Amino acid sequence: MAVTSSHQPIRWAFNRPNGLFLTTIIAALCVALPILVVVSFVITGVSDAWPHLLDTLLGRYALNSLLLSILVAVGVVMLGVPAAWIISFYRFRGRGVLSWLLLLPMAYPAYILAYTYTGVLDFSGPVLTFLRGMDAPTWLMESMLNIRSLPGAALMLSLVLYPYVYLLARAAFMEQSANLMEAAYTLGQDRWRVFIRIVIPMARPAIAAGTLLAIMETLADFGTVEFFGVQTFTTGIVRTYYGFGDTAGAAQLSTLLLGCVFFLVIFEKSSRRKVRYYSDRLRRLNQTSIPLNGWRQLVAQLLCLIPVLFGFLLPTAILCYWALFFAEFQSMWSLVANSFFLAGSASLFVVMVALVICYANRLYPSRWLSHATTFVGLGYALPGVVVAIGVLIPFGAIDHFVSSTLEPLGVGPSLWLSGTLVALVFAYLVRFLTVATGSITSGLSRVRPSVDQSGRLLGLSQFGVISKLHIPIIRGSVFTAVLVCFVDILKELPATLILRPFDFNTLAVKAYELAGDERLVDASVPSILIVLVGLVPVVWLNRSVNQE
Amino acid sequence: MDTVALMVRSIRLSYQDNVIVDDFSLGLKPQELGCLLGPSGCGKSTLLRAIAGFQELDSGEIWLDNEPLSTEHHRVSPEHRGVGMVFQDIALFPHLTVAENITFGLTDWPKASQGKRLAELLELIGLVGLNQRYPHELSGGQQQRVALARAMAPKPKLLLLDEPFSGLDTELRGRLASEVRTILKSDGICSLLVTHDQREAFDFADRISVMYGGQSCQFDTPFNLYHEPTDPFVAHFVGAGEMVDARVESSRSVSSPLGVLTNDTDLEFTIGSDVQIFLRPDDLIHDDDSSYKATLIGKHFRGAHHLYDVRLDNGVVLGCLAPSHHDHEVGERIGVSLDIEHLVVFAKQ
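Protein chains in written order, with the working numbering: chain A, 1 to 548; chain B, 549 to 897.
Accuracy of the hints is not assured; some may be wrong.
[To be verified] So the derived label-pair ranges between C-beta atoms look like this:
hint	chain 1	residue 1	chain 2	residue 2	range
1	B	Val865	A	Pro201	51 to 61 Å
2	A	Ile473	B	Ser726	44 to 54 Å
3	B	Phe849	A	Gly19	49 to 59 Å
4	B	Phe849	A	Pro201	33 to 43 Å
5	B	Val865	A	Leu457	34 to 44 Å
6	B	Gly846	A	Leu457	26 to 36 Å
7	B	Leu855	A	Arg272	48 to 58 Å
8	B	Lys577	A	Val451	53 to 63 Å
9	B	Ala852	A	Ile473	32 to 42 Å
10	B	Thr619	A	Arg296	28 to 38 Å
11	B	Ala667	A	Leu67	29 to 39 Å
12	A	Pro201	B	Leu855	37 to 47 Å
13	B	Ser726	A	Arg272	54 to 64 Å
No wet-lab data here; the hints were simulated from the structure.
Computed from a prediction, not measured in an experiment: that's the story for all the values here.
Note that the Cβ used here is the ideal one computed from N, Cα and C, for glycine as well.
Start from the sequences, fold in the hints, and give me the full structure.
Shown next, in the form of structure tokens:
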């Protein structure tokens, strides 16, 4: 008699675990490839330009990256934590709307914000024209012009990255058990002491996790720092690779950057673990939120409105205004078609691979598989520039090898991999696979093994279990995975810039090129399109969070 | 007049227009361990939160050591009440160690006294040496003892315990309830426990207030609640038993389907009135020689004895405790008789 163990999900009738298993291992190797490639250059030797790099540039890259990270950390905490605190603990007019408006800056890639503010704060732009008319002090006008600087870049990045901190801090505040605060009151502590001794320390891991995510994004940023002329690791890598033609040097810089990211990932993971200890689902705070009136209400509204105003409302209004009335822009539709085709097909591919990985983990759970899956999760932390270099080097080598092999057969040299969409899709897979697996895993976790088992006992076939139970249950999370991947790919600048086939343009690349030519008003057209598409998953995810 | 530590005088509490507790009164003597016992939804936890100061009163007042805590016009905030509380979900601060949790409320004490109090409490709860552990590194029972020590640390005038053992397994529960009683008695803290578990209440309390529908049915010692319930709800809720119709025959006796029963004291009912007597399984004994026969319709083996369900000829079903070796089959007719000195009599409803 065939008896399925009650702890395990049902095995498929066709007894081929290897397909699913292999795909997962291959995906892990794909993620490993760029890492292994750049790290291998450390072992194979020092580049000729390395002493020069070490002497002059490395210190500058490291210092700028560090300064930028610190400023962004301060910025995201200052923008995100007060807003999360006000939204969690107080009741006031507009609280509901502000609580999700605060998420909207997530739709902005930092580089688009940088282009927009540069255009607005230009010498002949509206703000400075107005200030001149008002006879404003010179230092104020100079500081406006100085937006293209390291502090300016930190400001841009903070404005789009603070939602990470806001989201995690808000969840932490709201998940704190009301009983803990009441316990502190019965131990003789007043409201202020409870805040300092309980509320803030318990939210600290969540705030730290959000800040670390923001720092990771900061280190990965290329568009903003490049446009503002701030020399960091990412711009250094591109410059070393293209400017000096030094592959080994670029790879070694990438390795250093990877090292930093690696530590951030470890800290982030340990913070997340603490978040779990500290959260409690028994009694939430909501019921004890304090109503605000008069000037206190005004202060609360302002503190929540400022990040939204400068991170979303103002730049969006300006972009729309430019795009509708001033921009000169040709061939928009072919650009849109290109971008959507690329993002659409790549995100579908990524999600299909993610589905295979998730089902492999579900059906054939093993230590190897779970390690491989965890490793795949690192991809999202890899800066786009590093992924691009790590893909370009081996693919270029393969192309070179294939061309030289085929030459005697009369086939001309060509870029089979590195000059085609293959390289680009591969890079997207490495970078965004986690986004998809994360969403699908959380969907699948709702389909407990007992669901499969009761489905089978009620007469469904293997196929029936999938079509009648799994698909309806995880449909939403698969859709979310496609949506988020789509938008991430649409926004991704450095990997696309480096790996795109010759003459193949996307919205992000076009915005970059126009901004580089100081045609900031014209850049508003691709920019606003990216932002509008980027809004879709933010609104969608917020809606589904609220439904839960 | 006895000195009173906690005094709750005819209070009324409501939540979103629903009256949860109505006209409730309670008094605890210094060092007394009290208990609010009742089914879920009877308002006992709301009452506890009102004493702690988290819930406003509609009317009535709460006094502690001759000072008003809550009246209609005035409410002392929770942190200034000198009332400690142990919570149902334990509510240890997860980011602090055992020592930091216990000394959390001692911020205004000098460092040396803090250390002394900490050592004293660790000794009392039997967790010496675990002061640097974090809450998630402790077992459920240890966590609960730390929560108790934390609440006791500032020497509160009153300690409230809100179903503190409900998250623990059954065996641990009974043991901890007696253990906590010993700890609190040795520290002499006046305490009030809330629970729906009568065994826990019996293990813990000097006096118990049985609550139903937001009101107190009876406030008495565990012995009296069991043997002299003044209210049918209390009779049913505390221990098992059934009502049987009877008629008052004389000032000290009633006639029942099981014969004439004599009470040890005078009854408060007029002769000839219809009443109900409350019979517990240990009142009805199995006696082969008895002239009263009943049909055995169910049996529950309890190790040392059997609990039989028997049906009297008039259809009334009663519980009957029989020695373990008196093993009868369901369907048999067995002899039963009442062994009872003190009758529990209620007016017929």
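Check: Ala667 (chain B) and Leu67 (chain A), beta-carbon distance inside 29 to 39 Å?
Finding: 49 Å, violated
Checklist line | Range hint 28 to 38 Å (beta carbons of Thr619 (chain B) and Arg296 (chain A)) holds or violated | finding: For Arg296 (chain A) against Thr619 (chain B), whose Cβ atoms are near 29 Å apart, the range 28 to 38 Å holds.
Notebook entry, point to check: Measuring from beta carbon to beta carbon, are Phe849 (chain B) and Pro201 (chain A) in 33 to 43 Å?
Noted result: 54 Å, violated
Margin query: Between the beta carbons of Ile473 (chain A) and Ser726 (chain B), is the distance compatible with 44 to 54 Å?
Written below: Because 49 Å falls inside the window, the suggested range holds.
Notebook entry, point to check: If you check the beta carbons of Val865 (chain B) and Pro201 (chain A), does the distance land in 51 to 61 Å?
Noted result: 59 Å Cβ-Cβ, so the 51 to 61 Å window holds.
Check: In this structure, is the beta-carbon distance linking Gly846 (chain B) and Leu457 (chain A) contained in 26 to 36 Å?
Finding: For Gly846 (chain B) and Leu457 (chain A) the Cβ distance comes to about 34 Å; the hint holds.
Next item on the list: Mind checking the hinted window 34 to 44 Å against the Cβ distance between Val865 (chain B) and Leu457 (chain A)?
Entry: 39 Å, holds
Notebook entry, point to check: Within 37 to 47 Å or not, the Cβ separation of Pro201 (chain A) and Leu855 (chain B)?
Noted result: Violated: the Cβ-Cβ distance is about 53 Å, outside 37 to 47 Å.
Notebook entry, point to check: Holds or violated: 54 to 64 Å for the Cβ distance of Ser726 (chain B) and Arg272 (chain A)?
Noted result: Because 41 Å falls outside the window, the suggested range is violated.
Notebook entry, point to check: Can the suggested window of 32 to 42 Å be confirmed for the beta-carbon pair Ala852 (chain B) and Ile473 (chain A)?
Noted result: Violated - the Cβ-Cβ distance for Ala852 (chain B) and Ile473 (chain A), about 52 Å, lies outside 32 to 42 Å.
Margin query: Looking only at beta-carbon atoms, does the pair Phe849 (chain B), Gly19 (chain A) fall within the given range of 49 to 59 Å?
Written below: Cβ of Phe849 (chain B) to Cβ of Gly19 (chain A): about 57 Å, so the range 49 to 59 Å holds.
Check: Measuring from beta carbon to beta carbon, are Leu855 (chain B) and Arg272 (chain A) in 48 to 58 Å?
Finding: Holds - the Cβ-Cβ distance for Leu855 (chain B) and Arg272 (chain A), about 53 Å, lies within 48 to 58 Å.
In the structure shown, a violation is registered for the earlier hints numbered 4, 9, 11, 12 and 13, in ascending order.
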